[in-house]
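Chain order of the listed sequences is A and B. Each residue of the first sequence is one higher than the one before, starting from 17 at the first, in the numbering used here. Each residue of the second sequence is one higher than the one before, starting from 17 at the first, in the numbering used here.
The set of hints was computed from the structure by calculation and includes no laboratory data. Do not take every clue at face value.
For identical chains, the list gives no copy identity; a pair is met inside one copy or between any two copies.
[To be verified] Listed next, the in silico SDA-like pairs over lysine to any residue satisfying Cα-Cα at most 25 Å (straight line):
1) 132 <-> 73
2) 200 <-> 314
3) 132 <-> 367
4) 132 <-> 156
5) 132 <-> 269
6) 132 <-> 252
7) 132 <-> 153
8) 200 <-> 372
9) 200 <-> 369
10) 132 <-> 318
11) 132 <-> 118
12) 132 <-> 48
13) 132 <-> 89
14) 200 <-> 236
15) 200 <-> 213
16) 200 <-> 158
17) 132 <-> 201
18) 132 <-> 213
There are 2 protein chains.
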Amino acid sequence: MTDVVIAGIGQTPVGEHWDISLRELAFNAIEAAVQDSGGLRPQALFVANMLASSLSNQAHLGALVADFAGLSGIEAATIEAAGASGGAALRQAYLTVSAGAADVVLVAGVEKMTDKIGSEVEAAIASAIDSDFEAVQGLTSTTQAAMLMRRYMHEFNAPRQAFAGFAVTAHANGANNPNAMFQKAISSEIYQRAGVVSDPLNMFDVAPNADGAAALVVCRTDLLPPAYPHPLVRISGSSIVTDTLAIHDRSDPLNLDAARLSVERACRQAGIVPEDVDLFELHDAYSIYAALSLEAAGFAERGLGWQLAQDGAIGLQGSIPVATAGGLKARGNPGGASGAYQVVEAVLQLRGQAGANQVANARRALVQCLGGPAASAATHVLETLG
Amino acid sequence: MTDVVIAGIGQTPVGEHWDISLRELAFNAIEAAVQDSGGLRPQALFVANMLASSLSNQAHLGALVADFAGLSGIEAATIEAAGASGGAALRQAYLTVSAGAADVVLVAGVEKMTDKIGSEVEAAIASAIDSDFEAVQGLTSTTQAAMLMRRYMHEFNAPRQAFAGFAVTAHANGANNPNAMFQKAISSEIYQRAGVVSDPLNMFDVAPNADGAAALVVCRTDLLPPAYPHPLVRISGSSIVTDTLAIHDRSDPLNLDAARLSVERACRQAGIVPEDVDLFELHDAYSIYAALSLEAAGFAERGLGWQLAQDGAIGLQGSIPVATAGGLKARGNPGGASGAYQVVEAVLQLRGQAGANQVANARRALVQCLGGPAASAATHVLETLG
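The shape of chain A in the complex, shown without the other chains (with noise of 0.2 Å):
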């Protein structure tokens, strides 16, 4: 295959934007991401996204979105996979390029949550768990994170206390960045101290659902002009894989085999071995998650991911950066743009431009979303060229 890389990148800040509405967030990504990569014209676009057709009563946001950015007349499709849309999108826009079929295509992660009341959008989120056995019992994304981390505790004594580096650590990073929701570091004590949202989660374990925008810019090497001005980004592994929906119908649910499977997937394609990253965007809508994924990617022996972040290893300065942006929990979660967001930073890292929160030498990053309860895990593997 081609060298496929990623040219663009731009991003919206994460929050509540009730005066923006869809299309402009994603436009004001989109513009961003093509100037960004020097004014490469998009031939195709992929728009990742989870809730507008419950939460904005509007689908076919492809022919939406190209329409607001100017481009009506590319090719243009939704891609969705719950919560690891951003990554389904990017690799359909890194086959699409692939596979010759445009030389030049657009990812636009969008998503607007904060215009309908809390019930409303935990009941849309829940359609990324199984409506009929799990969401019809009155189950959501949050109370199952809540049973997932309960159960964790249980299996591997790990007190509650044990996820507090999740949170401190993305908040840390949050505060330097200028697109999080929350730029505002945490201590310990301020996660012991936080109201507990769904037994045993608390306020800190759980990323803010919110409106953002991120969009990605992918191409060929070939095509990028001779004054291209950032470090050359490749994409040398891509993959999605799924799990069971339902979490009752897995043998063990603290196993993540999507995420498992998804990373040794990618990183065989980047014939690397997951030690050989720099840094690792991984999927924190729930602290839990975070640990599982350690896991899952082999970082952490099943029932240790949580020592990952209580020893400093997942810091800035540790064997294992995450969230260096402040990943979902300080930077937001906005569902289907969030996997595109994790890749914005990645990129961000891998250039030598990601400011205060710069991992040192960054030169490959493990980028994974999740959607639902990793029912689908969207893996990438991105390195520095030359």
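With the hints as your guide, set chain B onto chain A.
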């Protein structure tokens, strides 16, 4: 690129399936398609769906359908482009195989529309048009089509009765399709007497909302077993093109630019002109779109598409047969699944398996599905090999 073929097809009857869940519908079509392919093992799945988030509180159909079909662990995602979802999903499957990322890819179009009351369904379908600027005013897809038809009648002095031929042809063909929702021929007089739905659209100008699922197995030619039982059907052209989402942004609402461009691109890739095809599975969600699609594809001059319906040219023995299995009108229109049904029906024609509806010597088909007011148009050229 490698030759990519549609090796397996499957479909469920179209209708009101209150007793069959979304996942079971999809599974039934998938099981049939895999069996039809001679037992090929899919490595990836693209689900075409538009309405499950809003009507069934279920997103994340990639993981759900893969899981229920016993394919958990494969790659999966949902592809949505409103009514063009089926064609968009086929295109992603085609690109995935072309890129060498998978050898065998499944497309499953599935929609379940009849469990909810009509007004809810109509509102959900209106998510295919511009929510902020059209639907917010009370416009629906149906009333929009009515305005287009009114404009067409005015511009081109076409009588309302001019559209009868589309419904009569569709129902004549649907009468011989055991999977069609309406297996009953109608006369021009019955069309004339039908109640008005949204002036000037009458009941027979509007395809019925329906439940259904259709599936396709897409793979590389060289992977087929020597004993593969069907004539080979190759994808020789594939294209998706967008137009403005809101009709008021178009210089002429009676020109379906996306439909025209996508036919041009798909035909150019296939090395043919539209006149070379033996049938045209078009998107007759409303009869006005059948007329406009025939014009956009070049089979009729502007304003004269309706004449092809009147003089029998679109019949099975005509110069450009359309809706050969009943079209959306008589087979039924299960939203995001309709595009997959169209492909199933075209493949049956090209294999010579279309029974009483067989178009003589059908070797090449144009298949097109439209999203919203043809703001997305997905077009494929399919050909028999050898």
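Have a look at residue 132 and residue 156 and pick one of within, between, both or neither, based on CA distance no larger than 25 Å. both (17 Å within a copy, 23 Å between copies)
When no copy is specified for residue 200 and residue 314, does a C-alpha distance of 25 Å or less occur within a copy, between copies, both, or neither? So residue 200 and residue 314 fail the 25 Å test inside a copy (30 Å) and across (60 Å) alike.
Can you tell me if residue 132 and residue 318 fall within 25 Å by alpha carbon in one copy, between copies, both or neither? Neither. Shortest intra-copy (39 Å) and inter-copy (45 Å) distances fail the 25 Å Cα cut-off.
Go through the copies and call it for residue 200 and residue 158: within, between, both or neither, with a Cα cutoff of 25 Å. Answer is within: at 23 Å inside a copy they meet the 25 Å cutoff, but 50 Å across does not.
Between copies, within a copy, both or neither: which fits residue 200 and residue 369 at Cα up to 25 Å? within (21 Å within a copy, 66 Å between copies)
Up to 25 Å CA-CA - residue 89 versus residue 132, copy category: Result: close neither inside a copy nor across copies, 32 Å intra and 34 Å inter.
State whether the alpha carbon distance between residue 200 and residue 372 is at most 25 Å within one copy, between copies, both, or neither. Only inside one copy: residue 200 and residue 372 sit 14 Å apart there, 70 Å across copies, limit 25 Å.
Which holds for residue 200 with residue 236 at a C-alpha limit of 25 Å: within a copy, between copies, both or neither? Result: close neither inside a copy nor across copies, 38 Å intra and 53 Å inter.
Go through the copies and call it for residue 132 and residue 48: within, between, both or neither, with a Cα cutoff of 25 Å. Neither way: residue 132 and residue 48 sit 27 Å apart in one copy and 41 Å across, limit 25 Å.
Within a copy, between copies, both or neither: which one fits residue 132 and residue 201 at a CA-CA cutoff of 25 Å? Neither. Shortest intra-copy (28 Å) and inter-copy (47 Å) distances fail the 25 Å Cα cut-off.
If the cut is 25 Å between Cα atoms, do residue 132 and residue 73 qualify within a copy, between copies, both or neither? both (12 Å within a copy, 16 Å between copies)
Regarding residue 132 and residue 153, is the shortest C-alpha distance of 25 Å or less found within a copy, between copies, in both, or in neither? both (23 Å within a copy, 20 Å between copies)
Comparing the model with each earlier hint shows violations of hints 2, 3, 5, 6, 10, 11, 12, 13, 14 and 17; every other hint is respected.
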